[in-house]
Amino acid sequence: MGDPIKPKKKFERPPTEWNAERIAEEDALKREYGLKSTREVWKARAELRKIRANARLLLAAGDKSLDKGKQIMERVRRFGLLKQVEGKENTIDDLLTMNVRDILERRLQTRVFKKGLARTAKQARQLITHGYIAVNGKKVTVPSYLVPLSEEDTISYYKKIDIQPKIVEDAGKSEEAPAKKEGE
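Just so we're aligned: 160 in this note's numbering is position 160 of the sequence shown, and the numbers increase by one with no gaps anywhere.
Since the hints were derived computationally from the structure, they do not count as laboratory data. A quick note: this is a predicted structure, and the numbers were derived from the prediction, not measured. The C-beta atom is built at its ideal place from N, Cα and C for all residues, glycine as well. Possibly wrong hints are sitting among the right ones.
[What the hints assert, rightly or not] Simulated restraints, written as ranges between beta carbons of each label pair:
no., residue 1, residue 2, range
1, VAL85, HIS130, 35 to 45 Å
2, ARG39, GLU152, 20 to 30 Å
3, ASP67, ARG22, 33 to 43 Å
4, SER65, ASN99, 18 to 28 Å
5, ASP67, GLY116, 37 to 47 Å
From just these sequences and the hints, can you work out the full model?
Pasting the structure below:
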């Protein structure tokens, strides 16, 4: 059993706190993916940094660490972090071309929004935290859960919920909810 271990930080603060360009980029990512705080962008960057550092080490080691390279590539493939090009196998060099958006795209929050189970990314986050979303029939309440490709098709509602899709008119001038029937 032993003593509990103090949890480690899963992110690292940027070296310069007030860099306008970086802050603008992080704000754009927060809006696009419906993130709660900039810390979530930093966590995704830290995960990306780990993957890229391992890739650089493997490239420097050459053929000595083939098994470790296969393990890393298998993990990246399992989560769908790299885009598959037809007729081409991904290599360790391809890991160096990854960016933060690749990781943010695989979050459960983004997958729920892209699948159309929620109107917005923020609503997707709310549905997940309130227990309305299930993966493989099991309730998942963590918006940052990285969804493996094998589980992507099993994302569904856990509880019955009535979310009406947005109806946008041809020019996108106004948005309306469908009219209620008489008797409701």
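Taking the hints in turn, this is what the structure says about them:
no.	hint	result
1	VAL85 to HIS130: 35 to 45 Å	holds (39 Å)
2	ARG39 to GLU152: 20 to 30 Å	holds (26 Å)
3	ASP67 to ARG22: 33 to 43 Å	holds (37 Å)
4	SER65 to ASN99: 18 to 28 Å	holds (25 Å)
5	ASP67 to GLY116: 37 to 47 Å	holds (40 Å)
Going through the hint list in order, the structure satisfies each hint without exception.
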